[in-house]
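> Each chain is listed here by its residues.
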Amino acid sequence: MSAQTPMAVAERRHGARRGETRRRSGLLRIPLLVWAFLLLPLLVELFWVFWPAANSFSLSLTRWDGIGLAEPVGAQNFRDLATDPIFRTALWNNVVWMIGFGGLSVVGGLVLAVTLNKPGPLVGLYRSAIYLPMVVSLAVSGLFWRVMYAPDGPVNATLGLLGLESLQRQWLADPAVALWAVLIAAVWRQVGYIMVLYLAGLKGTDPTLEEAAAVDGASAWQRFWRIVMPQLRGVNTVVFAVTVIDSLRTFDIVWAMTRGGPYNETQLLSTYMFQQAFTTGNLGYASAIAVVIFALAIGFIITYLARQARTED
Amino acid sequence: MSKRTITRRELLAGGMTVGAASLLAACVGTTSGGGGGGGASAGTVTLQNSIQDADPKAALEALVEAYQGADVTLNSVATEQFRAQLTNYLRSGDAPEVLSWYAGSVARSYAEEGLLLDVSSLWEGDGACAGYSDALRALSTDAEGRQIFVPTNYYWWGVFYKRSSFERWGVEPPSSWDDFHALCENLSGQGIAPLTNGLSSTPWMASGWFDYLNLRVNGAQYHRELLAGEHAFNDPEVVDVMEEYKRLIPYFDTNMASYTAQDAATPMAQDESAMYLIGTFVTTYFPEDQRDDLDFFSVPVINDAVPTAEEAPTDGYFAAANSDNHQGALDLLSYLASPESQQQFIERSRSANLPTSPDVDTSSFSPMVQKGIELLNTTEEITQFFNRDSSDALQATADTALTKFLAQPDSMRSILDEWQTAAEGVFAS
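Protein sequence lines, in the order shown, are assigned to chains A and B. According to our numbering, the first sequence is numbered sequentially starting from 1. According to our numbering, the second sequence is numbered sequentially starting from 1.
This is chain B alone, in the form it adopts within the complex (with noise of 0.2 Å):
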């Protein structure tokens, strides 16, 4: 009946939730308790990193061990408890020098406040950042116009869907909005629900759609600037988007709020829902032998007006500027950029995700990520994901207004009202 099992990750996560709680005490108002961090003299690096999943982390202490350089010491820190311990770990007195983390906007506030260190000479000259791609530079870019982020590997999202199920349902992956509002009804008509979801304790999974109605609606810039403050929740562009998710929602599996994102997957797993828009991280959730089966479509134009965006959250690295060996550092995060490396930790990790370096071989990755490669190289717009352009914060405001929307569609224009209340609150605070 039931096949489902505690995970190992929401074992973890449970016992992170337990762990950080007693850290409210060590936030409060100590600058100089490093938790766990620096350490390190002369000759030495601290790397430390969020990475939780076997297969990264088996793959990051391959990398590092192979390091020629400087001795590196290799923290791993759960990611709720890096998240919770980061500002801490930057601000202590003998910092770790090298830090796992995201591009974009959580990386630039950090960096104002000047705890971030000038990374630029990478990204000059023959330096292992100097041929990424212009979206990349402008990315790791901080308001002074400093390099202070190093990404090293970046994954896109998109519907996924088994190619076999659909072969044997009969159906093809759309091309237009209407084709996929078609194919949705075709689907629901064979008692197979269209769409999956998981928004339990991952409410955030629900901004996934938000964000590419959004991008296909009013475009990526409007996504911006909304995400930034610049216009309402409660204006006419969002409720267009409302509007075209409200129409998505017959089509979801009724079971989506009971789920987590990792749980979203059995029901595709078991060929009784069929696609699910997330990011290329969902492979993992799938049983090894259904992996090369997975396949995946953009969402479709919905407005041929506005360019067309794709969303590819930026994964890597930066360096604090209090640690006691900058130049360690730089030869660490040179040594984590190289397209030999970063060739070493996708193969290694087994994760679809891919090389910033325009100089790694892909020639040997799965048509899956070819595929992924070819999409991110002729959209005209990339964004990273709603909590990476704006904050944790707003991203919390997005979480209760979503899930409130679909749980009860019809109070849309008041959940929208409550939104731009909560965000206000937001960009006030």
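Chain A extracted, bound-state conformation (with noise of 0.2 Å):
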């Protein structure tokens, strides 16, 4: 084993240059079929997602009722969308839905899922409770928490009961709290998910390093912060990435619970461009509304990138 041979440094010679040749030739190689599979999806993707996104980039300019033909106007859609009350209503809405929509259900995951990774009696049933609202779609959820906040239902009923009958209020038609009513019902729904997703997260980091920290005198709160947080950095990626998509395409659950209303108080960009395209006939608006939710996301997902890669350099 120790001697080197000038045959073995041959042959390894050899081989690396054999594995040279494979990888220049590599694209040649690989077999027709895989190509076919690879370009009928692309194909599907850049008929039925590109051309329909760039579409509304160039819809954007135009004023069109999706009638008659689409008139050109410049960029008047976005100086329209500047002085628009209900956009600005709606942008403001989107910034509060991705704090208050992020922070909670992250934090909330993030606590359930520390409490519930300890073994104890019914964990299991526990964590499939919480994790049960992910399973109904958001419009089901929307509709069964529109049950809840009904006048005379169960939210109401339950402060009735604790004699806090000052706090009972029109859930959803109250303009000072219907934003953070479907706030909540959203992140009732998402918080099982991100725990999951900690969880998962919890299971993959070393125990003996905490318990040699404890050896060492750190504190609980210590252990959690410098032990255990930095080896939940990937989870943290994708529970970041899950969050920012998720409180940006944010439509179905508003849509069920308050239609964007009292008095568009509740709007969210999705909702609003919806409500512009659909209802009132004005895609080319529209289609600049959906162009402001595109710079957004973009714009997110690029400084996340940039900060990431810098981070891991």
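Simulated from the structure, these hints should not be mistaken for lab results. Quick caveat: nothing in here was measured; it's all calculated off a predicted structure. This list has only true hints and no planted wrong ones.
Not everything, but these chain B residues come out facing chain A in the computed CB check (under 8 Å):
| # | residue |
| --- | --- |
| 1 | S258 |
| 2 | T403 |
| 3 | K404 |
| 4 | S429 |
Which chain A residues stay away from chain B? Per the calculated CB distances, all over 12 Å, these:
| # | residue |
| --- | --- |
| 5 | L42 |
| 6 | P121 |
| 7 | L132 |
| 8 | A200 |
| 9 | K203 |
| 10 | R226 |
| 11 | V235 |
For each residue, glycine too, the CB sits at the ideal point set by N, CA and C.
Assembly of the complex is requested from the two constituent chains, each provided in isolation within its own frame, with the hints serving as guidance.
Here it is as structure tokens:
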């Protein structure tokens, strides 16, 4: 083993050269069938995703009611957006939504995961119960929460039983609380998903590190932030991406619960876009909103990826 | 405590919204994608319709079943999706021959694009629509004087109440506007909410009272002109209407902002509220054993200088210009418009709708429907409804303005200014 025979060296060199040629001719050696498998989905994707998406860019520069011909208006739609009070409400609500939905579901999911990561009675039951809402579609959870929030529904009834009549509200009709009421319903559903992601991450951490830190006298708080959290970095990346994407694409639950009402106070960019496109038939204006949503999403993703790349260097 | 359940309609509506969202891609730019429409070859006719409720749907299916002419393919699409896809259906190369929709400004705007078949032949000589009233003829005529619509039934709006409850409370339907206010005061005193309404996912219900107060204060002509953009929403005339509306606010069920149009019938069925200004479709919101107890009165006269007017939205069919089988379409329309078909449809669908054909034997219809026919025959003017007399885009501005006004009546002036700004945006586009 220790003696390097010329034979062995030659063999290894030969092997290396063979590897290079294999790599160089690799592209040509891929069977035609694989190309077909790759190209077909690409064509479908181009036709059904990229082409319509590109269309919405060009439509955003037109005025189009969906019936006649689209009439080019330049950047007028974007100028109108700048002065549209409903668009401003929707934009602000999206910011509130992203912070509220993201923050609450990540904090809630993490707390639940840490709590339920310990062995104990009925832990499995708790975990599945918390994950269960995720199984139900957003539109259905919206309808379910509408019943919960009804004027004589369970939420107000519970407050009444607790003697908290002063807190009873028309949850979905009061502009001061409507957005938050919808947000809680959305977090209720999302938190189980985030919990499962963190539980998986916690299973992958090394318990001996934590034990060693405990022996060295680190408090539970220190152990969590200094020992466990750094090991969850991979999971955090996934959680962040999932949360940002889910909060930007939120549509169904708001539409099912309030339709953007009362008087547009819970409008998100997505619901306002839908309303403009399909209720009032302003497809050009709606496309301009779609472009804004796209810009926001891509902005977030690029900043995030850039930050990721810097920390990895 | 709570007797409310998720209804099939709400569930459907929720589901459809999600479905409709995925149609975005299909709607953008494609004019060839028919979307489940046509496919009609010679001798067959496609009837694309937006009927959703079980009874009317069964009624239409039975009608089509009995049709002796060409083979009819019946496609029933949920209303929201139908609305979103209607343009695509009409523009498609092989459009469905016949489509159900609303009379008035919507049909006219499609006719202007040349998408609708001229059905004037049905309105002449011994055509199926020849004997229809002049009001219906005017409603079905486009800007060039051609008929492009076949109305088959319509319904009226009124203040609905339960006769037995009024008896128990010792009150009677009012005959004047002052009576109406006295009635509301009386009911409030008995701890009953005089008026119910549902504005949550059906904010357009707020336009019901707006339209009626406008018809009673300023008249039908002003209503049409206002909705056509000839007057401003912050004009003194509209302020007068809003002042009347403001006087009604204390009488409304305080939960109206949380109810849908359908939910709002629940407190009335349970005798917690008394009256509901709504179309006759409200009868289906009530339990079967309460439907015969329902009665209605017309919103009393406020300004006797303006002609009487009622809202009577009209439904029916139009035919696509782009279909293969124009003759088949006209034959099917004749069949659907015939008095026998209308009678069969109305009886089978168990609705309180009225036939458009004067030849339908209405003697077997319920006393309430008789009263509705009488109301519409004696009124001087007939209007459709806010959205049908204007557009869905203008309706959205009304929804925002009116629901906000009902929540913050003291900001009425600034709300009207915002409404006018939003309306100008709609008329400019």
